[in-house]
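Protein chains: 2
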Amino acid sequence: MFDSSGAIPAVLEAERNGRAAAATDNAVMSMTDFHSWFHARTRANRFQVDRIPFADLAGWDFDPDTGNLVHDSGRFFSIEGLRVRTDRPWAGEWSQPIIVQPEIGVLGILVKRIDGVLHCLMQAKMEPGNINGLQISPTVQATRSNYMKVHGGAGTKYLEYFRPDSRGRVLFDGLQSEQGSWFLHKRNRNIVVETEDDVPLEEDFCWLTLGQIRRLLLLDHMVNMDSRTVLACIPPALTGPNAQDTGDDSFTRAVLRSLSGHGRAVCDPGTILSWLTEMRSRQELVQRRVSLRHVAEDGWRFGVDVIDHRDGKYFDVIAVAVQASNREVAAWTQPLVAPKQPGLLALLVKRIGGTLHALVQARSDAGMLNIAELTATVHCQPGNYVDVPAEHRPRYLDYALAAPASRVRLDVLHSEEGGRFYHAQNRYLVIEVEPDFAEPDDRYLWTTLHQLTSLLPHSNYLTVELRSLMASMRSLTQRL
Amino acid sequence: MFDSSGAIPAVLEAERNGRAAAATDNAVMSMTDFHSWFHARTRANRFQVDRIPFADLAGWDFDPDTGNLVHDSGRFFSIEGLRVRTDRPWAGEWSQPIIVQPEIGVLGILVKRIDGVLHCLMQAKMEPGNINGLQISPTVQATRSNYMKVHGGAGTKYLEYFRPDSRGRVLFDGLQSEQGSWFLHKRNRNIVVETEDDVPLEEDFCWLTLGQIRRLLLLDHMVNMDSRTVLACIPPALTGPNAQDTGDDSFTRAVLRSLSGHGRAVCDPGTILSWLTEMRSRQELVQRRVSLRHVAEDGWRFGVDVIDHRDGKYFDVIAVAVQASNREVAAWTQPLVAPKQPGLLALLVKRIGGTLHALVQARSDAGMLNIAELTATVHCQPGNYVDVPAEHRPRYLDYALAAPASRVRLDVLHSEEGGRFYHAQNRYLVIEVEPDFAEPDDRYLWTTLHQLTSLLPHSNYLTVELRSLMASMRSLTQRL
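From first to last, the protein sequence lines stand for chains A and B.
Sequence positions in the first sequence follow numbering that gives the first Met the number 0 and run 0 to 479.
Sequence positions in the second sequence follow numbering that gives the first Met the number 0 and run 0 to 479.
Source of the hints: derived by calculation from the structure; they are not laboratory data.
Remember, predicted model here, so these are calculated numbers, not experimental data.
A few of these clues could be false.
If chains are identical, the list can't say which one is meant, so a pair holds when it fits in one copy or spans any two.
[Said to hold, decoys possible] DMTMM-like mimics (lysine to aspartate or glutamate), calculated; alpha carbons at most 25 Å apart, straight line: (1) Lys148 to Glu283; (2) Lys156 to Glu283; (3) Lys339 to Asp60; (4) Lys111 to Asp267; (5) Lys148 to Glu92; (6) Lys148 to Glu390; (7) Lys148 to Asp86; (8) Lys339 to Asp310; (9) Lys349 to Asp435; (10) Lys148 to Asp441; (11) Lys148 to Asp440.
Go ahead and model the full structure; you've got the sequences and the hints to work with.
Shown next, in the form of structure tokens:
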């Protein structure tokens with residue numbers, strides 16, 4: 000279905016010819032050289048992804064007892080059923096297929112100061128669900144099984160830098176949640192390690208400064224989800240630039256100031272935690288795993304090559320055959336979750352008392368581990384709400400869709416994890432609201448960007464989508 | 000089975016005649032008056048708890064499809080089965096009955112400055128599983144259903160003080176875990192609210208200072224688990240006493256100093272979080288809910304009045320009939336989990352570089368939500384290990400059991416939650432180890448007391464047992 004053509008997307012061309020030439024950031028590789036390198040990696044690595052019937056999956060079967068879609072080895076992941084009960088007034092109870100993957104993988108970025116400038120070791124990596132083949136990935140994406148092998152072995156390059164016995168300085172190390180709509184209780188370990196070793200540069204890897212990565216974050220479908228979540232976790236103090244570097248763009252200064260923790264916040268940290276505790280206590284989220292075949296009761300249909308919902312909404316479960324030249328295994332088949340339409344993540348922001356605040360909500364998704372997490376002001380797949388009565392449409396959805404360009408501070412399309420999701424893309428928007436924006440009700444809260452990043456060392460506070468937004472927002476501080 | 004006799008236990012007599020008379024702490028009630036009041040409450044409130052066959056439970060039945068023990072209303076809790084897979088070398092895979100109660104209750108303490116001194120509104124409350132009838136409870140123990148009622152109503156006294164619209168100053172508000180061995184993913188909201196209102200004093204309630212509660216924490220089975228967990232969460236800065244108050248007992252000074260955050264810690268906070276992340280990534284804990292009747296495959300036997308394990312270990316599930324004069328409902332029946340023997344929680348502590356450190360481990364229990372939590376150096380039911388090969392006995396268990404009295408800083412028996420557990424008691428020990436104590440392996444970590452309390456605002460870091468120890472340890476700072 001997808002075949003790498005080797006052509007450079009137009010947006011990359013614009014980046015190459017425009018901002019990219021302006022500065023080198025003291026980077027080991029200029030942006031022009033990066034794009035040439037990335038283009039060369041795209042040409043060098045052939046891959047093909049084709050949809051196939053479930054019956055053609057090799058090693059995957061529908062379990063005869065439960066109907067769950069499982070791998071013969073019991074490893075990787077499975078597609079099972081989840082029954083959810085909430086106290087929402089609209090569609091409060093449902094069942095759905097869900098990805099179950101109880102083990103914790105490692106998403107690691109290795110960093111190193113080169114000529115005094117922090118560089119990240121990034122990878123050009125294909126995932127079968129990627130809309131465009133290669134994207135920029137962390138140094139390491141490893142399963143628990145790979146991580147637990149005593150000898151790093153052939154499997155995962157650079158994994159040894161993330162083991163307790165051979166680590167450099169740990170800059171961040173915590174468990175972070177992934178998409179609660181599609182995963183049951185899924186988390187990965189996000190880890191950033193600084194090394195002083197001489198690190199050999201393997202094929203498909205390159206050193207990029209944080210400034211360069213921020214520029215890439217302004218491009219559609221360039222920096223993958225695994226990178227974005229780890230990048231969001233790097234403490235802002237380490238990543239610069241500081242306020243002096245940014246010239247006279249006042250929104251940029253406001254973002255930096257809000258990230259830095261200077262300036263007065265509307266709520267103190269205890270109030271934010273108490274509000275979230277109230278939301279988690281008040282919202283009901285009762286999850287019960289059921290056999291995949293049980294979701295048929297709620298309108299899910301089982302075809303030869305797709306499991307989909309009769310309303311044409313939500314997502315499909317499909318199967319693909321993959322051929323790739325630069326992966327550990329050259330060919331394989333696997334199931335993927337394919338959303339029916341793009342999602343929208345819109346963060347409304349406002350300067351209050353001179354400090355930029357973001358309007359967050361506590362969102363409860365089907366597969367969440369901790370009832371509710373903080374997320375963007377609007378977080379939904381708008382297509383799921385086309386026929387829903389106005390009073391049950393997500394608050395601020397129509398506001399965000401109608402926002403004038405003059406108030407839009409960020410507008411970028413990013414892909415979600417291509418190892419599990421097929422062509423899953425979300426539009427990430429940051430909208431600065433007008434000064435007389437009506438005060439939200441108590442399901443929403445104004446926080447500074449620093450208050451949000453302060454919660455990242457602890458698990459299950461910010462959704463992966465809000466973390467993507469936080470990473471992308473930092474790119475606004477990199478105007479070159 | 001238990002009948003309140005009205006007699007004052009000997010340990011209370013000692014407290015009345017000994018330390019209690021020494022100081023009044025500027026309290027509204029002297030300790031002598033407290034004990035008289037508590038004794039009067041015991042005499043005034045009659046209650047009786049009798050074991051009954053499961054068939055005599057009213058409103059509870061074994062579901063014909065699953066064998067789960069459930070309430071007809073679908074409310075309260077249920078006893079179901081849990082299948083657990085870990086990567087432990089000994090008994091790494093098992094199934095067991097488990098209490099399932101997906102909703103979050105409220106454990107709230109209302110505090111008020113009276114003549115400048117912080118007082119807590121505490122309750123003398125009976126729970127059917129209590130070994131001794133009445134214990135000191137928080138102001139409020141409420142279910143989600145009670146909390147969600149718009150009008151506080153007759154159900155739960157003082158609940159209105161803990162609602163968002165009528166709160167005073169929130170001193171703490173977070174979700175805390177409960178016993179992972181017996182509960183599936185259970186948490187309660189721990190909340191402390193300070194009011195300036197005139198609060199009417201209801202029967203069975205009294206105002207106690209934190210100093211008075213700390214003295215009561217030195218008594219066996221006096222302060223219930225719900226109180227202990229909330230008390231542990233009160234920020235140390237609010238609770239005093241400070242170092243000057245404590246005279247010349249050097250261990251007391253060491254506890255206060257370690258709680259205060261002064262003095263050098265062996266690990267920085269980032270290292271603690273990274274170590275715990277490593278433990279959570281490394282330890283395997285795969286939980287699968289199964290029908291209660293499935294646990295028969297692993298040696299659980301179903302009798303007319305007990306579900307027990309053929310090895311005579313772990314716990315029983317039993318049924319009781321309760322009659323009580325001071326509860327919302329005067330008589331009811333319910334299942335309870337009855338541990339086969341007391342547990343042991345021993346915290347080894349050591350002064351390192353002049354700062355008191357506690358030796359904690361990351362423990363994974365069957366029903367934990369977040370894979371592993373920090374707990375005491377020794378955390379087990381020793382009786383479960385009588386026939387286990389020496390190399391698989393819990394590390395430091397024999398060390399703790401053999402510790403000379405001269406090194407024991409705290410030794411107290413506390414009851415666990417009497418609303419779910421029958422005569423569940425744990426021995427809580429704090430042992431100061433000798434200066435040449437051998438360095439532990441990497442499954443253990445030295446932390447200051449301040450570092451542990453700093454994690455409490457976030458969920459699922461400290462087990463309820465470690466929180467009990469932390470609350471009790473503060474009582475060592477109250478020598479009068």
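Practice item. Determine which of the earlier numbered hints do not hold for this structure and return their numbers in increasing order. Key: none
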